[in-house]
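Colleague: Which chain is which? The protein sequence lines are A and B, in order. Using this note's numbering, the letters of the first sequence map in sequence onto residues 1 to 255. Using this note's numbering, the letters of the second sequence map in sequence onto residues 1001 to 1255.
Bear in mind the hints are in silico, worked out from the structure with no lab data behind them. Be aware that one or more of the hints could be misleading.
Said to hold, decoys possible - Over the 12 Å line for every Cβ pair with chain A, so calculated as not near, a few chain B residues:
| no. | residue |
| --- | --- |
| 1 | Phe1008 |
| 2 | Tyr1037 |
| 3 | Lys1050 |
| 4 | Val1059 |
| 5 | Leu1122 |
| 6 | Ser1128 |
| 7 | Pro1179 |
| 8 | Leu1229 |
| 9 | Gly1230 |
| 10 | His1244 |
| 11 | Leu1253 |
What the hints assert, rightly or not - Footprint (simulated), chain B over chain A, 3 or more residues, beta carbon under 8 Å:
| no. | segment |
| --- | --- |
| 12 | 155–166 |
| 13 | 186–193 |
| 14 | 211–221 |
Ideal Cβ positions, reconstructed from N, Cα and C, are used throughout, including at glycine.
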Amino acid sequence: MPAALEIVDLVKRYPTGTEALRGVSLRIEAGEFFGLLGPNGAGKSTLIHCATGLAQPTQGEIRVFGHDAVDHYEQARLAVGLSPQEINLDWFLTVAETLDYHGGYFGMPKGERRERARELLDVFSLSEKRDDRTRTLSGGMKRRLVLARALMHRPRLLILDEPTAGVDVELRLELWHYVQRINAQGTTILLTTHYLEEAEQLCDRIAFINHGEIVAQGSSDELAAEYGVSSLEDAYLGLVGRKELSRAHIAAEAP
Amino acid sequence: MTAAQIRFLSLVRREVNRFMTIKRQTVGAPLLETFLYISVFGAALGSRIKELHGFDYVVFVIPGLIMMAWAINAFANNSSSILQQKFQRAIDDQLSSPASPLELLLAFSMGGFLRGLLVAALTFTASSFLVDIPVEHVLVLLPALLLVGFFFAQLGVLIGVRAEQFDDVSFAQTFVLQPLIFLGGVFYSASLLPEPFQTLTHFNPIYYMINLVRYGFLGYSEANIAMSLGLLTAATLALFALNHQLFRRGYKLRA
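With the hints as extra help, turn the sequences into a complete structure.
Modeller: Structure below.
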């Protein structure tokens, strides 16, 4: 069975000369819940953009369920749903239209779009807002709508780029439960987050990315072992070279 | 309907929905503007000028106004729509869909093309109630208007894709497009101009477009019809080919 996402020696160099990805290779198996962690500017979003057609790789290969994301992008993109880091809703559309158009862009027939939109609006508690314009929604509602939009065309690989940044505790837990459920139903998930407990709780495997390179990958315990520490947080602090911020270190130093 | 047809229709529907949502500004305002021109140049000035090349002055002016309405609306719609979506990054929803560069280009073009068609058709219909407008050469008029609409729709896409701020769009419209249209002979016959302005007018591409449309309606032209139609077709195809190339490269759309 092909991997949900297979990246081989991916390089992304921007016209400015900045090398955001320096030969990244990564394989996410179908059905996995995979975490991608790294500091700001490490290359997480660039990697995601290359996989979804929003950025053009300089060199390397990207395959989504075996489909080349550059040369056979149509099949590859059909399989991917993206919930981007920045909320990017269309101001001119209502909540229901946002889902309907997205379904249309992915070739879903009208009846199927209507049914799927109703289901997602219900799941994300947006049914009462269905005819409201997106710009009138609260921050939490916008975040839910972005996630619903990513799920609209029933992607087999869901990419969540910092989905819980700035959302309240209830919504974060709601999102966790929902994505865990769809992962159990077979959807592969690639999650980037700065909340390490989120990655620890949700992800089967995690990769650390820094300066455009994958520097380590494995389960949360494996990563901790690789860095010779006892938690994912300490492993991450080892990655970014800030061990002095470790809770254990601070507790030991306290008078 | 196939998935590709659903996709294309959804992309076009989004563009039409945008200008219909704000139709007071996108359809109402241009209509009012055109009728202000008709009132000023037709009723006020026209009573002094009487006839131009055997036509009532207002009848001489209306074909140019219809062409101008289509051109400016096609341009303004596409340049604003694309820039706005780039600003909000809402355009990523279309860019990460399975739509090809050609489908995206045609769909973005159709928004302005259809808005221009709507304003031009309403202008023609309403003007027909006020004055008798002949249609002498429908087989020249229709291709000429369709080509003019498509040319300016492409120009709008080009400027929208290149633009980085709203000033870029308004600069192109106010300082380039509008002077060229006004000086192309919408409100006068170039043959009445003193030299060197008469000769200079022949270097203005819009002069030939106005002549084609005026010939289609009134049967009067100062320029060679076959040559004008040939040049307009060539210019439209060249612009379309350039845009297609830019969309394929993802120029200023994909990182």
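Colleague: A separate judgement is required for each hint: does it hold in the structure or not?
Modeller: Here's how the hints hold up against the structure:
no.	hint	in the structure
1	Phe1008	violated, 9 Å
2	Tyr1037	holds, 29 Å
3	Lys1050	holds, 47 Å
4	Val1059	holds, 38 Å
5	Leu1122	holds, 22 Å
6	Ser1128	holds, 33 Å
7	Pro1179	holds, 31 Å
8	Leu1229	holds, 36 Å
9	Gly1230	holds, 37 Å
10	His1244	holds, 16 Å
11	Leu1253	violated, 9 Å
12	155–166	violated (count 0)
13	186–193	violated (count 0)
14	211–221	violated (count 0)
In this structure, the hints that do not hold are numbers 1, 11, 12, 13, 14, in rising order.
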